[in-house]
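Could you build the full structure based on these sequences and the hints that come with them?
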Amino acid sequence: MDRISNKEDITLIWFDSKMNSNNHVEQTKKQLRQIIDYVIFHTQLESCITFIQSIHNEKIFFISSIYDALQILSHIKNLSQIDSIFVFNWEKVDHKNLVLNHSRFIGIYDELDLLCVSIQEQVDYLDQHLHIFSFFDQNEHWAKDLSKQTADFLWFQLYHDVLFQLTHNEEAKQELIDACRSYYRDNAKELQMIKKFENEYRSEEALQWYLKKSFLHKIINKALRTKDFDQLDTFRYFMRDLTKNFVQEHQKKVQSGKEIRFLYRGIKLTSDEIEKFKENTGKLVSINGFFTTSSLRSTSLNQAMKPSRTNDFIPVLLEIQFNLQNLSNSAIVANTVHFSKLPCEEQEDIIFDSNATFRLESVKMEDDIWLIQMIASNEGQIIKDKYIKDSHRQMEDLSIKILFGRLMCDMGQWDQSQHFFQHLLNNLNSNNEDLAMVEYSLGEVLQWKGEWSEARKYYDHVYDRIMHVKPTRVKNSANILLNIGEILYLQGKYEEACDYYEQALALRKKIYPATKIDRRNLPTHQHSSLLSRVCTSFWYVLLASSRFFQSYTGWFWTRYFLGIYRWFLPKHAANRMELVDAQSNRTQLQEMCQNLQESGSLQLSKTPLDGHVPIATSLNSFGKILFRQAKYDEAVIFHKQALTLLEEYYHSTHINIAVTLMHIGHVLTYQRKYDEALDYCQRAMSIYANYYPNGHIYIASTLNHIGYILYLDGKHDEALTTHKRALAMLQEYYPFGHVDIAYTLSGIGNTHCRQGKYDEALTFYQQMLEISQKYYFSGHDDIICALNNIGYIHREQGKYDESLDFYRQVLALQENYYPLYYANIAYTLNQIGNVLIEQKKYDETLKFHQHALELQEKYYPNGHADIAITFNNVGRTFRQQEKFDKAIEYHQRALEIQEKYYPSGSVILADTINCIGHVLYDEEKYDAAIDYYRRALSIQENFYSDDYIETSHTFSFIGTTLYKQKKYDEALQFHQKALTIQENHYESTHIDIARNLNSIGNVLYSQEKYGEAIDFYQRSLAIREKFHPFDYAGIVIVLSNIGNALYGQRKYDETLDFYQRALTIREKFDANNQVGIVDSLINISNVLRDQRKYNEAIEFQQQALMIQEQNYPSDHVNIAYSLSNIANMQRWKDEHNLSLICEQNCFLMRLKLLPPDHENIGHSLSNIGHIYENLDKTTLALDYYHQALAIYTKCLPSSHYNLCTMQSNIERLSEEL
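Heads up: the sequence shown begins at 2 in the numbering used here, then just goes up one per residue.
Incorrect hints may appear among the rest.
[Stated by the list, open to error] What follows is a set of in silico ranges between Cβ atoms, one per label pair, in the way DEER data are often shown:
#1 Asp500 <-> Gln1075: 50 to 58 Å
#2 Lys1178 <-> Glu971: 48 to 56 Å
#3 Glu900 <-> Gln840: 29 to 37 Å
#4 Asp802 <-> Gln1145: 42 to 50 Å
#5 Glu883 <-> Asn943: 45 to 53 Å
#6 Ser1215 <-> Gln1075: 44 to 52 Å
#7 Ser1215 <-> Glu883: 39 to 47 Å
#8 Gln977 <-> Asp500: 38 to 46 Å
#9 Ser1209 <-> Lys1178: 16 to 24 Å
#10 Ile370 <-> Asn427: 22 to 30 Å
[What the hints assert, rightly or not] Calculated lysine-lysine pairs in the DSSO-like style (CA-CA distance at most 30 Å, straight line):
#11 Lys78 <-> Lys93
#12 Lys1052 <-> Lys1134
#13 Lys926 <-> Lys887
#14 Lys775 <-> Lys277
#15 Lys60 <-> Lys93
#16 Lys254 <-> Lys31
#17 Lys1052 <-> Lys1094
#18 Lys228 <-> Lys197
#19 Lys458 <-> Lys228
#20 Lys214 <-> Lys228
#21 Lys196 <-> Lys31
#22 Lys253 <-> Lys60
#23 Lys259 <-> Lys228
Derived by calculation from the structure, the hints in this document are not laboratory data. A virtual CB, placed ideally from N, CA and C, is assigned to each residue, including glycine.
Here you go:
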């Protein structure tokens, strides 16, 4: 036995930051180990806390030095692992003013001996009260298939049977002694006892040795409590003797004829534990280990009422009605009174073996103490027999040993199961009939653990063994081929997986040949428009291939659903199920599904009962294929028909029903029917909870999918809590770093991402990537998934180059490992395009989207919903290029595809309708844009039961459009509606809230409510700077908006500060955004101009002009604008000749670029006139004023200020001349 883990029930931790300066550490450790063997010293606070949190199966006795007590206690107050806290005063300092508040605090000690006495008292107390009670609803399970049941008491029932089949010889005895001597090598007290055991032990004295509470008692109790078969196997020699002693004592008791009606035990329970007993009244109770009772009520009552130094526990008296004559050997008891040092004639101590079960009769308060009344029962044996029978119905020829090993596997005890089967394998000869099943079971355990290469070795070995034995076990070989195919599927080797599935299906057809059916006798009632089209040959396939899929269901569901939620929702990621190459449609089932014809009908409800389960399994398989084809309505019909058959067959809850409920929930999730999906998943959860009351990876997987639904539904806090529950459960079964934990980490990352917490999301995605790279080959799709998600995070953070780097890694892996998986390559090409569009590289963007479109049209020759995504991407790019007609054309093509694949009210259509609205908005066709936005809004409001986050986006779109129409009050109403929804769905730090606050600020600014506008802008800025610091573009927009509002208030110094901050961020983090930098330079110039700081103003405007001249054609309209601004400021500085040159250059550009009667040409003519007037060239000035007036007359209303001013100027100069 190694000493890495504690083999006893108690770990003693001593924390002392000054421990290294203490000379008594080793002596102290030796003394403490006489009481508790596993003693750990810590000097660092953080490592100490981490170590405590890593302990799950032991109670902790914690000792702190008096110097560290106050600090450490604040950190451990909520750690449930800690049972008792002691404080030791090495230097005997005065502590009368020290107040320590903790429910588990025992006392402060100045002397080590006194401390040891107190620790021993708590050890004895814990030994008396440390029990695990498990409950089982025997009434519910009489009609239930128990083959997948994992109740603790079944483990003890089967272990009891297996024990007598384990080796019992001198070699086994010596193995026990050597293991104990190695483990206790530094414990003189236990080594002495081990030596005595080696020299004096006799098998008939096993019970006496156990009751001595030495190393045997401690290790066995811990092993039984935690169901640690590895440890019990090491102790098999003693455990078999001990069980024989129980049998002998039981027989003596029966033969004595002395009747005991009641037995008692005084214990302490928490209030939660008492409530648990109340909830399970009428059910069976089992106890993980041996259980000692007394015939004297007073003795047990004294035990219960014995004062406790902590306040968490309540005294309880257990009363067990006991009729030895009616109990079979399934409830073996032993009378231990004659082993007692102080025997009492009036008292008998009865100890129950670990396989005993009790019926819980009542829980009530009586005479100021809780009384729990139970009856010793034989029902555990009866239920065990039913479990064996049900298991044999699922898989024939299972010995008790193999059944026990598979039970451990079902309970998630994979290491234990593996060691057990390995032990069996090492001790079986090559001709043993169990050998093949042992190897097969080892393969399954390793497959569950994710050790696929090792599992494959066992499958290959057992397959060769079976194929060389005559007659060949065709059924078993098909199972093996199926599992090999599943491993290849999980490894991402889809083509190889399909080959093995084909081989397995071919073998299944030999076992279950197609039944010839008289078509005239086929049922004709039409269940639905879809099922009525199912052809007769589909019936044949159902009958012939159903067994093939039945054993596959559990594997497919667990791994399949574990993988789903780690991707972003469909608009952000590829459909996970499209990873299977389209060429794999060669399987019979897929061919049949593709070739449904109007050649018959199928009334499955009239299927003979025996055919319900296999046909339901095949219906589920067809449903999965239809789901892959994005035919969601049809998929739901198949799954629901399967559910009907299963519910008729089982009459009660069953794992297969739960699996089917999850299939339905998954399809509904993709239809965005989140409430319905959640309902089906929760129904599945209730079934799993019944089968696996102590938790199971099925439950964790279901929690993860529920978290995924909540995530999609915008309920991010609930999603995060649910994923964390799944993570905690998985960590009970796996070490951190296991591949299935990686899936949950991804789910947590997705939720953080949707909350806008990109740094947190990135941490979880990177953990997922590290785990995936550890488990998989470099091209596995889980690695691709993690890289995709990291690329997406960088894109959202505005780190476009980093994002492109990750997406290009993905593309290289896909093209290298999956060159024919066009759908996924197309997805990555689209993602790269989505980054390039943010960099305004529109031509490159189009190339990637169009390449994606080519691959999709090749991959989906008959069309697919994913093509619509690419059409929308192309349309979005054309919109950015202001090619609006083309943009609308592609969005309309996307809408046509979606209308083909989704019902008319689907919210997926609303997304594309909104895209068309965006194009119309950019074209300034605001009324038309609002019409489309309202169409989308109507779909969303009809689809969702209440205000949903997508609805808030559409409210914002409408608000922004109304703002453009200067309908400010209406715009404000829509933005407020959007904000209300977002604040209900998101945390207050979400980026969407920040954006909407900014939009409201814009409306208020336009209403000249500058103070209110600034309040909203500041709220938006606070969210962005604190929680989205990498969204530089968004931060700059808000900084500029605050500057604009301050400018409206003529607070120029404050305005300059915000404009300068915006410029600094753009120059540092967005240097390629030359247009944005120019805008900031011009904003600063305008403020300086209004402050009459013309030299500085001209300097900033000239910087803007230089950038414009480098990035625009020489005659661009924006260059003309800058020239005009510089000319005006030079004129105000009385630098009229310089001003004239700039303005004339501006005028010439405008003449070339603009229509001849454009208002800006009029402005240039007016400005030149002003300059000539300032140069005292009145005639020239008058001529330019006349030219300006001619243009103003054509383009401006007669009352316009500029036109009136020009008329006044002409009249004034004419009079002067």
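The hints, checked one at a time:
The supplied range of 50 to 58 Å is met by Asp500 and Gln1075, whose beta-carbon atoms lie about 56 Å from each other. Taking the beta carbon of each, Lys1178 and Glu971 are about 52 Å apart, inside 48 to 56 Å as hinted. Checked against the given bound of 29 to 37 Å, the beta carbons of Glu900 and Gln840, roughly 33 Å apart, stay inside it. Roughly 43 Å separates the CB atoms of Asp802 and Gln1145, a value that falls within the hinted 42 to 50 Å.
A beta carbon spacing of about 34 Å between Glu883 and Asn943 contradicts the range 45 to 53 Å that was offered as a hint. A C-beta distance of roughly 46 Å is found between Ser1215 and Gln1075, which places it inside the suggested range of 44 to 52 Å. At roughly 45 Å, the beta-carbon separation of Ser1215 and Glu883 lies within the given 39 to 47 Å, and the hint holds. Between Gln977 and Asp500, the C-beta spacing of about 60 Å breaks the proposed range 38 to 46 Å.
Checked against the hint of 16 to 24 Å, the C-beta distance between Ser1209 and Lys1178 comes to roughly 19 Å, which is consistent with it. Range check, Ile370 to Asn427: about 52 Å between beta-carbon atoms, so the 22 to 30 Å window is missed. With a CA separation close to 25 Å, the supplied pair Lys78 and Lys93 stays within the 30 Å bound. Among the hinted pairs, Lys1052 with Lys1134 is consistent with the structure: their alpha-carbon atoms are about 23 Å apart, no more than 30 Å.
Straight-line distance between C-alpha atoms of Lys926 and Lys887 comes to about 16 Å, which keeps the hinted pair within the 30 Å bound. For the proposed pair Lys775 and Lys277, the alpha carbon gap of about 42 Å is over 30 Å, so the pair is violated. Our distance criterion of 30 Å between C-alpha atoms is met by Lys60 and Lys93, whose separation comes to about 28 Å. For the hint pairing Lys254 with Lys31, the CA-to-CA distance comes to about 43 Å; that exceeds 30 Å, so the pair is violated.
Straight-line distance between C-alpha atoms of Lys1052 and Lys1094 comes to about 15 Å, which keeps the hinted pair within the 30 Å bound. At roughly 28 Å between alpha-carbon atoms, Lys228 and Lys197 fall within 30 Å of each other, so this suggested pair holds. At roughly 29 Å between alpha-carbon atoms, Lys458 and Lys228 fall within 30 Å of each other, so this suggested pair holds. For the hint linking Lys214 to Lys228, the alpha-carbon distance of about 19 Å falls within 30 Å, and the restraint holds.
Of the pairs offered as hints, the one joining Lys196 and Lys31 holds, with about 19 Å between alpha carbons and a cut-off of 30 Å not exceeded. Among the hinted pairs, Lys253 with Lys60 is inconsistent with the structure: their alpha-carbon atoms are about 37 Å apart, more than 30 Å. Of the supplied pair hints, the one linking Lys259 and Lys228 is violated, its CA atoms being roughly 34 Å apart against a limit of 30 Å.
Of the numbered hints given earlier, the model fails hints 5, 8, 10, 14, 16, 22 and 23; all others are met.
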